[in-house]
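A.B. asks: Spelled out from the first residue to the last, the chains are:
Protein chains: 2
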Amino acid sequence: MKSQNAISPTRSEDFPEWFQQIVRAADLAENSEVRGCMVIKPWGYALWERMRWVLDGMFKATGHRNAYFPLFIPLSHLAREAAHVEGFAKECAVVTHHRLEMRDGKLVPVGELTEPLVVRPTSETIIGAAYARWVKSWRDLPVLLNQWANVVRWEMRPRLFLRTAEFLWQEGHTAHETRAEAEEETLRMLRVYERFAREYLALPVCVGEKSAGERFPGAERTYCIEAMVQDRKAIQAGTSHFLGQNFSKASDIKFQSRDGGIEHAWTTSWGVSTRLIGTMLMAHGDDDGIILPPRVASAHVVILPITPKEESRAAVLAAATDLASRLRDQRFDGLPLEVELDTRDVGGGVKNWEWIKKGIPLRVEIGPRDLEQGTVAVSRRDQPHKTKSFLTVEEAVARLPEILGDIQANLLARAEAFQNEHTRKIDSQEEFKAFFTPKNPEKPEIHGGFALTHWDGSAAVEEQVKADLKVTIRCIPFEEAPEPGICPFSGNPSPQRVIWAKSY
Amino acid sequence: MKSQNAISPTRSEDFPEWFQQIVRAADLAENSEVRGCMVIKPWGYALWERMRWVLDGMFKATGHRNAYFPLFIPLSHLAREAAHVEGFAKECAVVTHHRLEMRDGKLVPVGELTEPLVVRPTSETIIGAAYARWVKSWRDLPVLLNQWANVVRWEMRPRLFLRTAEFLWQEGHTAHETRAEAEEETLRMLRVYERFAREYLALPVCVGEKSAGERFPGAERTYCIEAMVQDRKAIQAGTSHFLGQNFSKASDIKFQSRDGGIEHAWTTSWGVSTRLIGTMLMAHGDDDGIILPPRVASAHVVILPITPKEESRAAVLAAATDLASRLRDQRFDGLPLEVELDTRDVGGGVKNWEWIKKGIPLRVEIGPRDLEQGTVAVSRRDQPHKTKSFLTVEEAVARLPEILGDIQANLLARAEAFQNEHTRKIDSQEEFKAFFTPKNPEKPEIHGGFALTHWDGSAAVEEQVKADLKVTIRCIPFEEAPEPGICPFSGNPSPQRVIWAKSY
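One line per chain: the protein sequences are A and B, in this order. Quick note on numbering: this note's numbering labels position 483 of the first sequence as 1545, and the sequence is numbered without any gaps. Quick note on numbering: this note's numbering labels position 253 of the second sequence as 1315, and the sequence is numbered without any gaps.
If you are wondering where the hints come from, they were derived from the structure by calculation, not from laboratory data. Hints may contain errors.
When chains are identical, the list treats them as one kind, so a pair holds in a single copy or across two.
[As the list claims (entries may be wrong)] Once the Cα atoms are required to be at most 25 Å apart in a straight line, the calculated DMTMM-like pairs of lysine to aspartate or glutamate come out as:
| hint | residue 1 | residue 2 |
| --- | --- | --- |
| 1 | K1311 | E1282 |
| 2 | K1122 | E1111 |
| 3 | K1168 | E1153 |
| 4 | K1122 | D1391 |
| 5 | K1152 | E1174 |
| 6 | K1152 | E1095 |
| 7 | K1122 | D1395 |
| 8 | K1505 | E1372 |
| 9 | K1487 | E1239 |
| 10 | K1122 | D1404 |
| 11 | K1122 | E1483 |
| 12 | K1311 | E1092 |
| 13 | K1564 | E1400 |
| 14 | K1528 | D1166 |
| 15 | K1311 | E1095 |
| 16 | K1487 | D1166 |
| 17 | K1450 | E1492 |
| 18 | K1152 | E1177 |
| 19 | K1495 | E1525 |
| 20 | K1371 | E1111 |
| 21 | K1564 | D1404 |
| 22 | K1122 | E1245 |
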């Protein structure tokens, strides 16, 4: 018998290919003709709209406002911070001309620019130039801005939602009077990301600091949230950078201090992107497709009228329409329930599978027999596709919001259990190597996870482990009372365990 | 005596410079280091956010969904529609390299692309390529999508919010089974724009069709809304294009029709941009700065506590805070009132002027004497800056939403009266020339307006008038019973009067 699941291959058969297939089956996005650039289709974009809306509220609640800065960065600006330009030089799209002309029957770029322009890979330098104009006195601080924008980082091996040449993101950029205030801001926004990931995306992320080798180019400290997905790899889902005075010196953001001196501002930046969507899909999806956490789902419930016989058709459609309208008066998470009513004239099985693959949290079937009995059949996307509960219409109207809350909680609990199951304290090189080595070298099955292993703090150990096993330090987790130990790779003392994993 | 207004020069002294100054005084936007690219500051971006939110609701209510398409267009795609590429060739930013390298101490672009990429000036061709993949049968139609995005059109003479190299916009792109359906869509969205301009921006726009010479490159018909601003020039504030089968043939959007044949789809596109902001500012601003129509204002009311004496300070601040919270429980236009409470420790006059220049619809002052009398002083931005009404606190709480509605209506009525005053039926070349010629050639004072003048439909007349007077046909207005006449420029018959004006 062939698999009875909607997605082929399954997760255990071929995880990367499974991911491509669930994105396609849900009609979320696709590759375009432009290498590495994706088309985000309506069902996928609606997820981003919802995430954007929630995050935007969180940013505003923490005192930030939105603004918009230019897409292009003059080459000389990007070059102002040495580590920064070095970090991004290999992946910059560069605009060199500003016209096209037909020459010898061929359309060619003409009008060469005096100074080439880089399509922003991130905006520290262009925003820094603006802050330098705006900030004159300590009274002008803090500046707390965010922008929602597209950025471009040339990608040799693109992957939908995880690594694309162009992606959508938000980037917060703040400037402060003191080091302490900027550090506080950096951590505040990290915690906003953690809360968003946990409470909305149902992702139990690990929170901590990046090692020096994994820092944002030009940052003094980089903090991150790291999620584990179902092939047990890590995905960096958001970062918050304490930039010290590096960028304010590069961009010359100076101010008159309270005591009359001239000082450089302390800056931060923080961002999350459409990568959050990929992370969420890889963490929760099953072999039938994507599973959307209700709090970010673009729709919560689909009503599927079953109309096998012409004589009962009108009555079923009327009952379905009535149910849809009653459900739309209900609220989930403070907003009206988003209800789809699928009255298309195609087979009930086909429609049901389409919505399963689209990951909608709840499916409600209503057919002639239900009509007689005054019931509907409710299926939860977090349960096997054949599982149904029969509720009266009254019960369905009253209880669906609470069931959505239940699904949200269940997805988080499941992801937490998975992460705990695959997180292990490891104290020897042998065990570490075995943990990160597939048993069958011919077929790199799902293996590994998060290894909590001591590290002596040296770049040499990091590089060696990466070269040997493709395993990196995902973060140095925040711990109240870090327990010292011995680094199994060098035998040197280690201040605390760090999280090692393979990653996207 | 020098002018007692906040903005210098005034509108009548130097309109273009006045516009630069009101944008700066309101802290809406500024030029960046990148030629033609502006930084949209928080007070300006909030306007765009509000407009976006309203328009997005209107698009969804007319059956559209949002998606996102790539920033880059391969040169060969852009070239697929001949008129289209010719129309945009002169203003394309072209990406030719994908890396930077340090060579001889200088950062230079390397990694030349096999095919250059154009930064989208508009997305018909890249979206057309996607629709060609998606549309196979008449059952796949219509496709009704919109995207919110940035676009780039290289500008030699940029002007904040009106003509910038990069700007923010929305572009709707739809594909249909029949010509009639696509034509209907084109006009439906034109009417959405008209309604938005009139009801939200308080702009009484003229609606009609563009002449062939002013059509979107590649369109079969272009419709527009045209606004008159206070120097009596026209601004094209939104366009809706019926593209016929031009782009579907260029992009090969084909489908199996109901009768089994293969046909090309009929497409449309329609867009408005941050130019709407510039239009609104130029239409309503006065010599004290911008005036925001309440329905798109980022904040409706500012409360200005007046605290001249230390002993009454706490009581005034408490009363102001209380008023703010009571006002925030009130609603305007279906949403909570947005209230700013300005407690900064700077002079009351300074603060008052700042908010006047920022165009906030209502200012509410509350000081020690008001406290004694139980009143507040309310100033409307659409009235002279010294005009105040004294209301009791209860009256203020109850009546401010209704006063906002009044301001909204007044701005529209004022703009309508202005437009009527400066719209004239003109039937002779002499009068037409006089209408569009400044009286003092040394100082090109504000003159002209909309001339309703017959036109024989020839490009020759259009070109001649443009060459002579810099006056163009803004639109052929929709009229139920067009009245034929004689074109004063050629003496030939004319089917109807068209709107001629100087324009931005």
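A.B. asks: Are the hints correct? Go through all of them and say.
C.D. replies: Hint-by-hint comparison with the structure:
{"no.": "1", "hint": "K1311 with E1282", "in the structure": "within (13 Å within a copy, 54 Å between copies)"}
{"no.": "2", "hint": "K1122 with E1111", "in the structure": "both (16 Å within a copy, 13 Å between copies)"}
{"no.": "3", "hint": "K1168 with E1153", "in the structure": "between (28 Å within a copy, 17 Å between copies)"}
{"no.": "4", "hint": "K1122 with D1391", "in the structure": "between (28 Å within a copy, 19 Å between copies)"}
{"no.": "5", "hint": "K1152 with E1174", "in the structure": "both (22 Å within a copy, 12 Å between copies)"}
{"no.": "6", "hint": "K1152 with E1095", "in the structure": "both (22 Å within a copy, 24 Å between copies)"}
{"no.": "7", "hint": "K1122 with D1395", "in the structure": "both (19 Å within a copy, 22 Å between copies)"}
{"no.": "8", "hint": "K1505 with E1372", "in the structure": "neither (52 Å within a copy, 78 Å between copies)"}
{"no.": "9", "hint": "K1487 with E1239", "in the structure": "neither (41 Å within a copy, 62 Å between copies)"}
{"no.": "10", "hint": "K1122 with D1404", "in the structure": "between (37 Å within a copy, 18 Å between copies)"}
{"no.": "11", "hint": "K1122 with E1483", "in the structure": "neither (37 Å within a copy, 44 Å between copies)"}
{"no.": "12", "hint": "K1311 with E1092", "in the structure": "between (42 Å within a copy, 23 Å between copies)"}
{"no.": "13", "hint": "K1564 with E1400", "in the structure": "neither (38 Å within a copy, 48 Å between copies)"}
{"no.": "14", "hint": "K1528 with D1166", "in the structure": "neither (51 Å within a copy, 33 Å between copies)"}
{"no.": "15", "hint": "K1311 with E1095", "in the structure": "between (41 Å within a copy, 18 Å between copies)"}
{"no.": "16", "hint": "K1487 with D1166", "in the structure": "neither (67 Å within a copy, 49 Å between copies)"}
{"no.": "17", "hint": "K1450 with E1492", "in the structure": "neither (47 Å within a copy, 81 Å between copies)"}
{"no.": "18", "hint": "K1152 with E1177", "in the structure": "both (18 Å within a copy, 19 Å between copies)"}
{"no.": "19", "hint": "K1495 with E1525", "in the structure": "within (15 Å within a copy, 78 Å between copies)"}
{"no.": "20", "hint": "K1371 with E1111", "in the structure": "neither (40 Å within a copy, 49 Å between copies)"}
{"no.": "21", "hint": "K1564 with D1404", "in the structure": "neither (42 Å within a copy, 51 Å between copies)"}
{"no.": "22", "hint": "K1122 with E1245", "in the structure": "within (19 Å within a copy, 42 Å between copies)"}
When each numbered hint is compared with the structure, violations occur for hints 8, 9, 11, 13, 14, 16, 17, 20 and 21.
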